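Sequences listed follow chains S and Y, in order. Under this note's numbering, the first residue of the first sequence is numbered 288, with each subsequent residue one higher. Under this note's numbering, the first residue of the second sequence is numbered 6, with each subsequent residue one higher.
Hints are computed from structural coordinates only; laboratory data are not their basis. Everything numeric in this text was worked out from a predicted model, so none of it was measured. From the three backbone atoms N, C-alpha and C, an ideal C-beta is built for every residue, glycine too. Possibly wrong hints are sitting among the right ones.
What the hints assert, rightly or not - Some chain S residues close to chain Y (C-beta under 10 Å, calculated; not the full set):
1. Tyr292
2. Met300
3. Phe312
4. Leu339
5. Gly346
6. Gly353
7. Leu355
8. Ala356
9. Thr383
10. Ile390
Unchecked claim - Only part of the chain S face toward chain Y is listed, based on derived beta-carbon distances under 10 Å:
11. Gly298
12. Ala314
13. Leu331
14. Phe342
15. Glu348
16. Ala361
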Amino acid sequence: MDNQYVLMIFGVMAFATFVTRAFPFIAFSRSHDHPMLGYFGRYLPPMIMVVLVCFGLTGLEIETGGRLANATLAFAAVTIVQLVGRNTLVSILVGTGLYVFGIQGLDL
Amino acid sequence: MSHPESSDFAVALRDSSPVLFGYLPLGMAFGVLFQSLGYHWLFAPLAGIVIYAGSAQFMAVGLLAAGVSYAEALIATLLLNSRHIFYGLSVLDRYPKRGVLRWYLIFGLTDETYSLVTAKTPERQDSGRYYFYLTALNQCYWVAGCALGSSLQSMVEFDSRGFEFALVALFLVLLIEQIRAMNERWLLMIAVMSSVIAYGLVPNQFLLVAIGMCLLVLFWRWSRVSSHG
């Protein structure tokens with residue numbers, strides 16, 4: 288089939304993705320010690336993390352009460368296990384295990 | 006860390022392992038979806054190698070199916086990935102200042118890699134090798150997922166329903182660790198409100214709009230703080 292078309296689309300998308308990732312590094316290469324960047328570097332990541340958590344939640348397709356309960360339970364489990372144990376991997380495995388069990392095992 | 010020399014790779018392996026559980030099923034989902042187009046299965050892992058952006062690759066399946074022009078693909082990808090413009094702002098001073106390594110790290114700055122890099126404790130900062138292992142391992146997981154999904158699509162029935170929660174859990178855990186070290190926690194409420202507003206107004210551009218609003222508030226806050234000395 289038209290393999291060349293696929294390769295060209297891949298190339299264009301690879302270029303565009305790299306441009307968006309490289310932009311701040313090029314635009315601010317001469318002012319990386321500006322105090323504003325230090326401020327942003329400190330407070331922007333946790334804010335973006337909140338946004339990413341919310342974004343992830345919107346992708347879970349919570350359409351029924353059962354799914355809402357399942358997601359809430361898994362969310363709480365991750366929070367509690369992390370606050371107590373502080374082991375990233377364990378927290379994620381416990382929460383994801385609970386969630387997958389609810390979706391697949393209980394067929395929510 | 007007590008043995009910094011030998012353990013850059015080991016630490017990166019441990020730190021990146023949560024991403025493995027998120028990227029493998031997600032990459033497989035992409036591979037399976039991509040195979041529905043009917044191209045050679047090697048194209049799916051190739052996309053993971055050269056594009057390396059989850060949401061953009063899923064969009065690529067739709068673009069290829071619709072047979073869009075190169076210009077349309079360019080603009081759609083720029084818009085979809087424009088949130089990445091803000092990511093670099095907070096890792097500018099962590100990454101090496103020059104060299105091939107620097108450009109590979111920038112190339113590989115996905116949501117998940119960004120999360121791990123910014124969550125890292127200070128003692129590992131400025132370790133270019135550590136960041137390289139972290140970025141490369143994450144990409145390996147992703148490419149492996151893409152290849153598995155597209156090659157084994159017809160042979161294996163892998164039920165990946167529910168595994169999308171792994172990435173939510175990863176972001177949540179990293180958030181908890183960042184909150185511990187943070188003052189001005191009211192900014193987090195701003196981020197929640199930005200998310201709710203963005204979801205209500207423009208769900209298609211959720212990330213861009215929500216992060217954009219956070220950035221505006223942060224800029225306003227900084228200009229106040231800095232003008233008071």
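Which numbered hints turn out to be false for this structure?
6, 7, 8
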